[in-house]
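Peer 1: Listed here are the chains, written in short residue letters.
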Amino acid sequence: MTTSAPPVERGAFIDALRRTAEAAGEAAGGFDERRFRIAGRVVALRFAGPALVPALTAALEHARIDEPGGADLTVRIWDSESTGTTPPSPPWGADDYREHGVIRGWFDEDVQITWQWITNALSVLEPKLGEGMHWTASAQVYPYFDRAAPLRKLLHLWFAHEGLQLTHAAALGDAGGCVLLAGNAGAGKSSAALACLGSDVGHLADDYCVLERDGGSGGTTVHSLYSSAKANPDTMQRLGLPAELIDNPVREPGDKAVMFLNRHYPGKLVDRAPLRAIAVPVVTGERETRLIPASPAAAMAALAPSTMLQLPGTGGRTLQALAAAVRSVPCFRLEAGTDPAGVPAAIAELLGASAG
Amino acid sequence: MAEPQDRHYRLNSPPVVLETVDEETIIVNLDTGSYYDLNHSGGRMLEALAHHGRVGAAVEAVAADYGIDRAEVAGPAEALVERLVEEGIVVAADSAGENGDGPANGGTPPSRAYEAPALSKYTDMQELLLLDPVHEVDGAGWPNKV
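Order-wise, the sequence lines are chains A and B.
Everything in the first sequence is counted per this note's numbering, starting at 1 for the first residue and increasing by one.
Everything in the second sequence is counted per this note's numbering, starting at 1001 for the first residue and increasing by one.
Ranges of calculated distance between the beta carbons of each label pair, as one might list FRET restraints: (1) R37/A - E1072/B: 51 to 61 Å; (2) D1094/B - G69/A: 51 to 61 Å; (3) D1094/B - A16/A: 40 to 50 Å; (4) E1127/B - G93/A: 24 to 34 Å; (5) E109/A - D1094/B: 28 to 38 Å; (6) A1116/B - E244/A: 54 to 64 Å.
To list a few chain A residues with every Cβ distance to chain B over 10 Å, as calculated: (7) P6; (8) G29; (9) R41; (10) R64; (11) G130; (12) P253.
In short, the hints are calculated from the structure, not lab data.
Quantities reported herein were computed from a predicted structural model and do not represent experimental measurements.
The beta-carbon is built from N, C-alpha and C at its ideal position, and this holds for glycine as well.
With the sequences and hints as input, model every part of the structure.
Peer 2: The structure is reproduced here in structure tokens:
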């Protein structure tokens, strides 16, 4: 445990940052508030001007709500370039940027400050207050993976405070039940999710979803978070997905194509579903897709490290939450074949079996 | 140095976290990014070690759990503890105040027959933990990658 910054210093910096946010809002002619229902909670993103709206809301549009009222989490969002505002200088040093961008001395139960590299964005969460701030110098540099999964560190930390668990997994199914696909990057989660687009199997998540434990039943509810899906162009070609789906047709070498499924498959998106099974995808190169029972430990190994090692502030509680989900359902190895129809058939089989 | 059976250890937590599911234990070291799969007998030994502190006491507890002779457990257990120390999963502890009373595992008997502890290590996600390279800061103090 690192020593937290003194309360006076902490309060002064956060107050100064909040005043900068308000000044940015005034400079933009007022905040543009976008409201979203995420995991049953209302999240209000208050933008000072339009510069960051596309990058931070495209993947959340499917969850947007219009009704007025309070919010469980409110995040002030601004950039310096378009608002002409300058935030206070950081009161920490260059050596204080730690794993996952955690700012040493500024990360505890009251205040959680993280830095997002590449985007060069600062996120501040005060979980007990349900308030956050997100600032960057320029809105120009939001890479495809941040557009596909915006504000994920800040949201993860807030979810944790709410007793929810942001989880690195795809989720497929319908309101009656869903299957989690667990595995590290490249394991085949997205390919399997995209293979289901042309089937009757609905879509909750391509890469990140939110797990909520049902204390009464002992079951787990899976919540959709982002509408985005990412894929290599050759995967899209193999699955017969048209290039018109791609939101970033001009890409750097190695970048994945990003799609926002709400724009093209609005009827496919499922808001939440009870968890029925966990499958660990494996690409075999064989034509046929097969489902093989797997141990809960194999599912844990696919689910837990890839979730825990990419997010700040994880620990024993994270592992417990993921273990509870694994214990609640049967686990399988999904040997994904080259026939695109095989994966949705296997998912439908799992869901059908669990419903029966 | 004390004999292996008389040495004391404790779980290196944090950064090590673990959870046992269906009698297999998943261990994650949040500092190194390594994660591990420990079979049921190994998980019992680690749990007993974390509970009792002393290797000899943990060996006795595991032998009693499985209803087998202590001598069958002792050698593999010492080898496992050596691995656990190498991997930073457990660290040496004081002998005083480390020992728990009563059985580990809540007294639940194992459902499988004893087998030698087996610890599998995975490092494929360590890159997720790599610290960003030394960075420079602008005039206001905000960082940029070099």
